[in-house]
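Asker: Order-wise, the sequence lines are chains Y and C. Using the numbering used here, read the first sequence as starting at 1 and increasing by one per residue. Using the numbering used here, read the second sequence as starting at 77 and increasing by one per residue.
Misleading hints may appear alongside valid ones.
Here are the simulated lysine-lysine pairs, DSS-like style, with alpha carbons at most 27 Å apart [unchecked claim]:
#1 C:Lys-167 - Y:Lys-65
#2 C:Lys-176 - C:Lys-187
#3 Y:Lys-65 - C:Lys-176
Covered stretches of chain Y (in silico footprint by chain C; criterion: 3 or more residues with CB under 8 Å from a CB of chain C, positions within the stretch not fixed) [as the list claims (entries may be wrong)]:
#4 14-28
#5 46-55
#6 60-68
Some chain Y residues judged to face chain C by a derived CB distance under 8 Å, without partners named [stated by the list, open to error]:
#7 Thr-33
#8 Ala-37
#9 Asp-38
#10 Asn-42
I should point out that these hints are in silico values taken from the structure, not numbers from a laboratory. Note that beta-carbon positions come from the ideal geometry of N, C-alpha and C, so glycine has one too.
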Amino acid sequence: MRWVIAFLRFWYDFIVGDDWLIAAGIVASIAVTAVIADQGINAWWAMPLAVIALLAASLRRAVRKASGEAQAREPS
Amino acid sequence: MMWDEMTRSVFLFLTAFLASGVEMVEALTIVLAVGVTRGWRSTLLGAGAAALLLAGLIAALGPVISQVPIGALRIAVGGLLLVFGLQWLRKAILRASGYKPLHDEAAAFEKERVEAGRAATHGSDPVDWYSFTVAFKGVFLEGLEVAFIVITFGAAKSHGVTIAAAAAGAAFVIVLAVGATVRAPLSRVPENTLKFVVGLLLTSFGTFWSGEGAGVSWPGSDAALLGILALLIIVSLVAVRLLRHERDLARLSAAQRGAEA
């Protein structure tokens, strides 16, 4: 059982990485783009916009985390 | 049409070459540190076994993936490249803006060397399993992402696997030749900048292919890749600038709080 968990954990870390928001956001963005394209709209702009939004959101989360850790290290 | 084909092939070669080169520099640091400290035989055995396993993975998965319908494949490949690309780009932006320490091969080499020196010796065993395992793990883990990039490129474009494998091979020969010559970590390679470039290229390919897979028709066909790349470069540079500014302000206010206290 421990091996199975370690195996799954390895693949989770390998594919999803530091921020699950990126992986989840990409899946949602591709799905939304496919739905729009299915309606006959050539939504070529959807993926670039989604990628930029995801990058911004992930950076914001990382910066907040880093700032929080820095404040916790500061002597009170 | 010919130019479109050329654009995609050049991008593909460059991305696979840089991604492989950067990962190989990191793997070389681990192999060098263990080899210099504990001897070369078991270290090279471990590195060779990992390289064989990676080659086997590409050879086994490449043909299987090419059986998947192209639409579904482009979504999967584009999605995977986007996940990898955005992770690389995110880390590169955080490093460039000072929120994450820069990767330092000399420091990584020293850390590995100290750990290898502390580990128990192998006594009469002909194979030093510490050296074997560390070299195997280092080469396999650093190479796994490159193997996936080669496989996905091969799946999304005809002759893609040949181009990507040739690029990875060229990077392997260059890194190995330089490593064998200098016998020291390649700390002068601008690794952080290269990672930034690889992140931009992977994200561009990922955006392009996942869009195509979702049913989008790109304006300008393959040339849209250049447009996506240009957009991502601008966004990333703006992000670095904004984050640096924010960090400077945070440091200033922390210094003021310190002075008041």
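Asker: The structure should be examined with respect to each hint, and the outcome stated for every one.
Answerer: Against the structure, the hints come out as follows:
1. C:Lys-167 - Y:Lys-65: holds, 14 Å
2. C:Lys-176 - C:Lys-187: holds, 18 Å
3. Y:Lys-65 - C:Lys-176: Measuring from Cα to Cα gives roughly 11 Å; hence the hint holds.
4. 14-28: Contact hint for the region 14-28 of chain Y vs chain C: holds, 10 residues under 8 Å.
5. 46-55: holds (count 7)
6. 60-68: Three-residue rule met by the region 60-68 of chain Y, so holds; n is 4.
7. Thr-33: At 4 Å from the nearest chain C Cβ, Thr-33 (chain Y) passes the 8 Å test, so the hint holds.
8. Ala-37: Check passed: Cβ of Ala-37 (chain Y) comes within 3 Å of chain C, closer than 8 Å.
9. Asp-38: Holds: closest Cβ of chain C sits about 7 Å from Asp-38 (chain Y), inside 8 Å.
10. Asn-42: Because about 5 Å separates Asn-42 (chain Y) from the closest Cβ in chain C, which is inside the 8 Å limit, the hint holds.
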